[in-house]
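Trainee: In this text, residue positions in the sequence shown follow this note's numbering: the first is 1, and each later residue adds one.
Since the hints were made in silico from the structure, they are not lab data. On a predicted model such as this, the values are computed, not experimentally measured, just so you know. Some hints here could point you the wrong way.
[Claimed, not checked] In silico BS3-like cross-links for lysine-lysine, where the CA-CA straight-line distance does not exceed 25 Å:
1) K9 with K238
2) K64 with K238
3) K239 with K9
4) K248 with K77
5) K283 with K64
6) K64 with K77
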Amino acid sequence: MSAWLEFEKPVLEIEQQIEALRARSAERGVPAGAELQELESRADQLRREVYAQLTPYQRVQVAKHPQRPYSLDYISKCFSDWMELHGDRHFGEDPAIVGGPALLDERPVMVIGQQKGRGTKENLFRRFGMPNPEGYRKALRLMQLADRFALPIVTLVDTPGAYPGLGAEERGQAEAIAVNLREMARLGVPIVTFVIGEGGSGGALAIAVSDRVVMFENSVYSVISPEGCAAILWRDGKKAPQAAEALKLTAPDLERLGVIDETLPEPLGGAHRDPDVAAATLKQSILRHLNALSGVSREALIERRLARFRVMGVYRES
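Please work from the sequences and hints to get the whole structure.
Mentor: Take a look at the structure:
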């Protein structure tokens, strides 16, 4: 693995020793034997200790890991016969959101996800997974198409937030998000959402007004990033770890608060350590939730979805 997080450095040191030992053994043509087994055992144990006590901000760092699987990675591993559809029929195409019909074990579904890029060039092309208004309008067009043909909808959330550029504001960013929230609440087909990395603010919620919301254990879901929160409250981005504690943005916190329905386990060290295992876990969860929702009537889906979001939050009358 080429990218290591700061809190993983103790594991990195042992991994480097393992690689050096393997190189020496290959040069000499003799097996490393017991010494290699001992180092591998130490690395595994240390990794378990590190990941058993991650702070909220360390989970934010894992959620942003540059090698973490993105929407297109999961789509290719979990679905077949996916056909990407483009454009919002109003302004243009937005590569920060991908979507189209696919088969999930022979079951037709509509899959929509926010997509980040690999490397600088692709990240600029996809704006680091931050959609423009046309991206949200494209997502809504695909969801309405799914509603017309009675296709369940699967959405994959992975964005720092909606793109804050001048052009996006001129083309109605806030309005596009608001319309998605309203229209998703009215759709008569099952909608399941999975937070696979970052779930940032209204940019995430615009494709997450769903019957079931599920998060990977090292993903995050919040009204604002810890860095943004720290900058606003304390005018000091270095207090992001303190902000992450207060925001309750981790999957365990949000499951306790009733915001999400399930936390999916990841391979030890994060989903990027074994994308195939992470994808298999995701696929089984999609199947399980769609099966649970498959017999629910259109009217009941809409009523339950509205009730789900109306009970969220704490209100105080003065």
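Trainee: In ascending order, which of the hints set out earlier in this document are inconsistent with the structure?
Mentor: Hint 4 is the one this structure does not satisfy, whereas the remaining hints hold.
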